[in-house]
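Colleague: The primary structure of each chain is shown beneath.
There are 4 protein chains.
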Amino acid sequence: MLRIAVLGAGRIGKIHAANVAADRRLKLVVVADPNEAAAAELASSLACDFSLDCGAAVDREDVDAVIIGTPTDTHIDLTLRAVRLGKPVLCEKPIDLDIDRALAAVEEIERLQGKVMLAFNRRFDPDAMALKKAIRDGEVGDVRQVVITSRDPGLAPREYLRHSGGIFRDMTIHDFDTARWLLGEDPVEVMAMGNRLVDPGLEEIPDFDSVMVLLRTASGKQCHINNSRQAAYGFDQRVEVFGSKGMVLNENHRPSSLRRWTSGATEARDPLLNFFLERHADSYRVELNAFIDTLQSGTAMPATPRDGIRALHIANCALEAAQSGRTVRI
Amino acid sequence: MLRIAVLGAGRIGKIHAANVAADRRLKLVVVADPNEAAAAELASSLACDFSLDCGAAVDREDVDAVIIGTPTDTHIDLTLRAVRLGKPVLCEKPIDLDIDRALAAVEEIERLQGKVMLAFNRRFDPDAMALKKAIRDGEVGDVRQVVITSRDPGLAPREYLRHSGGIFRDMTIHDFDTARWLLGEDPVEVMAMGNRLVDPGLEEIPDFDSVMVLLRTASGKQCHINNSRQAAYGFDQRVEVFGSKGMVLNENHRPSSLRRWTSGATEARDPLLNFFLERHADSYRVELNAFIDTLQSGTAMPATPRDGIRALHIANCALEAAQSGRTVRI
Amino acid sequence: MLRIAVLGAGRIGKIHAANVAADRRLKLVVVADPNEAAAAELASSLACDFSLDCGAAVDREDVDAVIIGTPTDTHIDLTLRAVRLGKPVLCEKPIDLDIDRALAAVEEIERLQGKVMLAFNRRFDPDAMALKKAIRDGEVGDVRQVVITSRDPGLAPREYLRHSGGIFRDMTIHDFDTARWLLGEDPVEVMAMGNRLVDPGLEEIPDFDSVMVLLRTASGKQCHINNSRQAAYGFDQRVEVFGSKGMVLNENHRPSSLRRWTSGATEARDPLLNFFLERHADSYRVELNAFIDTLQSGTAMPATPRDGIRALHIANCALEAAQSGRTVRI
Amino acid sequence: MLRIAVLGAGRIGKIHAANVAADRRLKLVVVADPNEAAAAELASSLACDFSLDCGAAVDREDVDAVIIGTPTDTHIDLTLRAVRLGKPVLCEKPIDLDIDRALAAVEEIERLQGKVMLAFNRRFDPDAMALKKAIRDGEVGDVRQVVITSRDPGLAPREYLRHSGGIFRDMTIHDFDTARWLLGEDPVEVMAMGNRLVDPGLEEIPDFDSVMVLLRTASGKQCHINNSRQAAYGFDQRVEVFGSKGMVLNENHRPSSLRRWTSGATEARDPLLNFFLERHADSYRVELNAFIDTLQSGTAMPATPRDGIRALHIANCALEAAQSGRTVRI
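Residue numbers (our numbering), protein chains in the order written: chain A, 236 to 565; chain B, 236 to 565; chain C, 236 to 565; chain D, 236 to 565.
Calculated from the structure, these hints are not laboratory results. Do not rely on the hints blindly, as some may be mistaken.
Cut-off 27 Å, straight-line C-alpha distance, at most; resulting in silico cross-link-like pairs (DSS-like, lysine-lysine) [stated by the list, open to error]:
#, chain 1, residue 1, chain 2, residue 2
1, D, 262, B, 262
2, D, 249, B, 262
3, B, 249, D, 262
4, A, 262, C, 322
5, C, 262, A, 249
Let the hints inform the model, and build the full structure from the sequences given.
Modeller: See below:
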């Protein structure tokens, strides 16, 4: 039984801790967070220890592996601390907002042969895996165009946005990883438009709330991504993969399959699942499973810190492209 | 060029007249209706003669074929008048509400080798034809169960209902014909329930507004029909054919393919097409086409007065079943 | 923490045991089954005791509540044994195939004020609950017609069918319970057709493989149920509720939301989830939850042995209706 | 009754001629095409004159208005010939592939106050009109992002492509017009990627077969267009309009609404309508209607030669952007 420390008792930490606690192959030993109330409450509900010191939790002798869901600027230190102790890590993305710091850390991890999986949970969404499988099975032939739509249900608080690193590094970065993963090649070129159509006041950060991006790989495959910080109808996540033999696409998810027929509108369906915690709940479970399976089988991590670097680099290039109005080589 | 008289300038007569006028193989010679205003207006809009005397219109030397859309109790006389002159007839259903009169007329038509097509227009609906084709092509294998849903958008006026012959002979009769046509066999047994869930006042007619029927053929194929005189969401017409190899079903139709995503409900679609004139507009054109093609090719009529007798007989048996609560042999 | 014994280590017992083991409010103490290999394997995978004696497992002092997933003919004895010890029971349906024995048992349970929930798991399916909620919220107005389609992916082995009690008591019984639950009234009348369209050899049992049923309540609400033991396209479970204000219906479920567009067919979707264990997996979890919540809140059981009696009685009446060809008063 | 000459007896000319012949307000006087066989056959089937001389057909005294469906390089001369005679023109797009020639012609038309409608038929597609109406009715609030997918079923013959003016001017130009029309503003900036993913041999023309475009208007509205010359699953035409209050999108069209459930794939639907003649058949009728209504009401043409110039200019800028890899100001 693998003994786990979960660092961070916030939104994501809670999900990881609950999934660990429900998994018979794992034992949740401790949750750590400087916020005592949050740490204590989570530990109490899941019957484990709590700690205010994340580093100390990493060090505990009865901890075999670490899951990191703390603020971004602590990811590198905590990851390296675990790696140096030979403990595997499942670390939330991004590894860091500063690409030079991130690159140095990744090189250190690779030098130490650390077992670190970066938590690109959307790769583990059952629909995303079905898309990937369809590509692998040759259902669409050679991939030619990928179209990714990703819109949030509402603008995050100004304070969150101020420290988010900007829409490309905070939101589009998921889509950059999805694009790399589904295209099966790294993009070499990016074009981007950023506008403030939801809240012109974002200029003071400065940040955009509506972006459109084009990517191209070395072999000429094309990808479009569109993002909005606010979709009136909810959290909209759609991916379409078009190739020489056909197309596969996924639909949004709803609480039930009900269809309603009334005098106003016919075949109205349930509103979308609220946000990523609801829409992607499965993906966190599957991701944890993939992490453990990988540890047990000794195979390569399905998403590495280097994947994180690559997505972050595309995000930086996209920002430069949007600001300059020029195509940027990646 | 076939010269046509259209008898009846009401709802159905107008459709037939317009379709005749738009068909380059046909010449609309005259529309006839005792209602002078209706006849004159329709004739004027389509640039043809009008007459107040339906019989005289049948007799005209410059009329080669007759389309009958007059009240039900005139169908037999007008059809026989045309048949005796050797003129082909496309006659609206039912041939008559009295099955004995209808049977005598059909025997007379058959004796005279009259070319009479009964206007079961729903057989000519493109979706219905696609269902039939799927069955013929073996897509569902052996048909086992047919489920027909047919609901009107709103209760017809009391006066109409009083003379309609009752829901089984007026509304379900379409579904009885569809059932016979899709099952490929005649039902030999019927069970039925009739209730007044929309308007209890229909008891004074007496009539039902909500019915459910079961049919069974000699080889054991089963069919369910449900009807309601009032569906809040509009004119609901669905057919499902289930067989040994699979199932085919059709959807309701809408003015456009738009899907709407708003904060209230997601993927709401356009309201349904209002009623049979809109939903089945194509079927009247295809039906007219089938009538002319049949005349030109000399093949058997795709829907005969005898088909009308059979559907009417099932309707009568269903009414008996609903009133007695007993299974009725057809 | 409620300590649970699960009786039966077969298909259903395994699901209940796994759900108990995963629930933090419960402790799985023992699984019991005369089949030693099955009991031992299940106990080992879930880290609990096993027993070959179901009765002894009920009696254990460290068992607070009992879940019964054993063969039907043991349900009454095991349920009463637990009830007499004051232990709550979640018992698989049916309570018994013999309605007189079942009725006597229910009266005994009621006399002893036993806490027994009958496992009509489909009431706890999220889609079914959404349908029920839509009715309660008045979305469809007064319910007028309910249409239930329930088709199995393939014919069960002859040996299973021989002891199943017949299609009405084994398969349609789920739909009878759903009908009662959604109609909000007990049916008072049943008409039924049974045929052998999948396998004529079922005559030797004798049993049917294809049935159509009509139900009517005292206030005149109508319900249609159709069943087939074999649907080429998989496990087909659909319910449609039609009322004065509109209609709600649920869709079948699939492993992913993918839509495929290829040269052959467009918008093809994933095959349906295989069978009830996959399609209704959620319902077993929600059902267990409802059982525990009810015990903790002291409210009335959401599905009682008497509900089981009523569904069984309708099934018996339906069989009589199908055999006699007559409408049967329930 | 308006007397019409249809110039061109090819694919498009045939459609226009048939629609004119079927319209009771119009009289088809003559069809003209240097290809005698084509002209004679079309004239014979629609019972009108034919001519080998398009100019002479324009000049005929019994011709009130002209519909031009001849090769692109004749559009300007024939249009101006009709305009100088005071005859209204419905001219196929593009007005010319050379933007300077086109601009000179449009200025001449405007100086002469010619009544010329450019045949952007897709604006008259019922789905496109429903999208536009939804925007006008405020259903999506302020438009923020438009996503247009437009893929042909198969690569056109090399000879056609060689004279097409390139994918942006031949294919994307429809989408540029749609974008302008739905955005309600002219784009001021374009980014584009062009690749040869279907047929690398197109380099010799040179032309692209797969393109992705971004457009931005002065107020910051964004639009994405993707095109492919070959979609294995058929002619794919989808438009999505996303705004502050929601989203509307249209679906592809099929011959029937049938859904098929078989053991292979469930809910497979009919293949898409083959190509633009089938998919947009309605739009040609509605377009002709709009042309006549405009003539009769004296209102402004719903699509003008200047609209054609603007779409052509965007296409030229997109080509420059794709070739240079730079953002181009429009």
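Colleague: Hint by hint, note whether the structure agrees.
Modeller: Cross-check of the supplied hints:
Taking the CA atoms of residue 262 of chain D and residue 262 of chain B, the gap is about 17 Å. The hint holds against a cut of 27 Å. With a C-alpha separation of about 23 Å, the suggested pair residue 249 of chain D and residue 262 of chain B falls inside the 27 Å cut-off, and the hint holds. A hinted pair counts as satisfied when its Cα atoms are at most 27 Å apart, and residue 249 of chain B with residue 262 of chain D qualifies at roughly 23 Å. Note on residue 262 of chain A and residue 322 of chain C: the hinted pairing is violated, with a Cα-Cα distance of about 32 Å set against a maximum of 27 Å.
With a CA separation close to 23 Å, the supplied pair residue 262 of chain C and residue 249 of chain A stays within the 27 Å bound.
The structure fails to meet hint 4 from the earlier list, while all remaining hints are met.
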